[in-house]
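These are the residues of each chain, in order.
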Amino acid sequence: MAGGARVTAARVGVVVFPGTNCEHDAVSALTSLGGQAELVWHTAERLEGFDAVVLPGGFAHGDYLRPGAIARFAPVMGAVSRFAAAGGPVVGICNGFQVLTEAGLLPGALQKNAALRFLCAPAALRVTSSRSVLTAGVPVGTELMVPINHFSGSYVCDAATLEELRAEDRIVLRYVENPNGSVDDIAAVANAAGNVVGLMPHPERAVSELLGSADGAVLLRALLASAAGERAA
Amino acid sequence: MRFVARVEVRLRPGIADPEGATIERALPALGFDDVHGVRAGRAFRFEVEAADAAAAEARVEELAHRLLANPVIEDSEWRVVPG
Numbered sequence: 001m002a003g004g005a006r007v008t009a010a011r012v013g014v015v016v017f018p019g020t021n022c023e024h025d026a027v028s029a030l031t032s033l034g035g036q037a038e039l040v041w042h043t044a045e046r047l048e049g050f051d052a053v054v055l056p057g058g059f060a061h062g063d064y065l066r067p068g069a070i071a072r073f074a075p076v077m078g079a080v081s082r083f084a085a086a087g088g089p090v091v092g093i094c095n096g097f098q099v100l101t102e103a104g105l106l107p108g109a110l111q112k113n114a115a116l117r118f119l120c121a122p123a124a125l126r127v128t129s130s131r132s133v134l135t136a137g138v139p140v141g142t143e144l145m146v147p148i149n150h151f152s153g154s155y156v157c158d159a160a161t162l163e164e165l166r167a168e169d170r171i172v173l174r175y176v177e178n179p180n181g182s183v184d185d186i187a188a189v190a191n192a193a194g195n196v197v198g199l200m201p202h203p204e205r206a207v208s209e210l211l212g213s214a215d216g217a218v219l220l221r222a223l224l225a226s227a228a229g230e231r232a233a
Numbered sequence: 001m002r003f004v005a006r007v008e009v010r011l012r013p014g015i016a017d018p019e020g021a022t023i024e025r026a027l028p029a030l031g032f033d034d035v036h037g038v039r040a041g042r043a044f045r046f047e048v049e050a051a052d053a054a055a056a057e058a059r060v061e062e063l064a065h066r067l068l069a070n071p072v073i074e075d076s077e078w079r080v081v082p083g
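Same order as they appear, the protein sequences are chains A and B.
Going by the numbering used here, the first sequence opens with residue 1, and the numbers climb by one from there.
Going by the numbering used here, the second sequence opens with residue 1, and the numbers climb by one from there.
Here chain A stands alone, though its shape is the one from the complex:
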């Protein structure tokens, strides 16, 4: 922009439910990439002033009943729905993905892993759509190494939904080798507008070679860029 306009960092709200445990990793990763990130408690009813919202991983409300089943009734989820409906970027990571599906902001559901085993390992991912706030500007076909850490990460949806996701280019990431039984190797999906994305892998745990991979930064940078675009809009 001309005239020496100040570029301010995108402000990201990181939602914390009782039992969330990846919020500080998310804040640290987003901050290290030039964003500004703040924790938002689940009782918050407003998200004004944020350019993006992240629902981080963990075990919201102990994952009782089903992962995300109780969290979706938290006051903050009404605000997240309104933020998403207004086009704001919303990303759910792992447990956050489960919360978004339970809340109906993303289609499908996350089932127990096919082998009934908790998986904690680096996973090779392939970007399969650039039409989302998490992959905007990232070429389709890009391979990323990002860790997974979940027991209920097997994505399921009915045949009609899968057809719709494919036709509308809403499958954002696929596993190169399917670790958990997800239908069509799905690791991440987006809503129709592309501004709400859920993914099982943890990009916030892969933002430095010291952690084994910096590939997660590719996704989080795209999110920060989308958020900055949201601010400019």
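Don't take each hint at face value.
Said to hold, decoys possible - So, partial list: chain B residues that the calculated Cβ filter (under 7 Å) puts toward chain A:
1. P18
2. N70
3. V72
4. I73
Said to hold, decoys possible - Which chain A residues stay away from chain B? Per the calculated CB distances, all over 10 Å, these:
5. V138
6. P147
7. L211
8. A232
Treat the hints as calculated values from the structure; they're not laboratory data.
C-beta atoms are modelled at their ideal positions from N, C-alpha and C, and glycine is treated no differently.
Add chain B to chain A, keeping to what the hints say.
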């Protein structure tokens, strides 16, 4: 009036049930070669205050659909009896 509700939640037919399948695979070792089609699920029991059985049933149905089962992958069945 008080009613007692029992709600059973199961994965819908066609949805993979690794828990049920694992249980079924263990059965022959215990001599249960005659048991098939195992589906794992969960059950809830609770009490409802309602004017009559129909009203209690309606509340239980709503609760089952809104919270206890995820309609994307699960079905639910319930029974309501005077408590």
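Taking the hints in turn, this is what the structure says about them:
1. Contact between P18 of chain B and chain A, as hinted, is supported at the beta carbon level, the nearest pair being about 5 Å apart and thus within 7 Å.
2. Interface restraint check for N70 of chain B: the shortest CB-CB distance to chain A comes to about 6 Å, inside 7 Å, so the restraint holds.
3. A least Cβ separation of about 4 Å between V72 of chain B and chain A falls short of the 7 Å threshold, and the interface hint therefore holds.
4. A least Cβ separation of about 5 Å between I73 of chain B and chain A falls short of the 7 Å threshold, and the interface hint therefore holds.
5. Every C-beta of chain B lies more than 10 Å from that of V138 of chain A, the closest at about 28 Å, which supports listing it as non-interface.
6. The Cβ of P147 of chain A sits about 22 Å from the closest Cβ of chain B, beyond the 10 Å cut-off, so the non-interface label holds.
7. The beta carbon of L211 of chain A is kept farther than 10 Å from every beta carbon of chain B, the shortest such distance being approximately 31 Å.
8. Non-interface call for A232 of chain A relative to chain B: holds, since the shortest CB-CB distance, roughly 36 Å, exceeds 10 Å.
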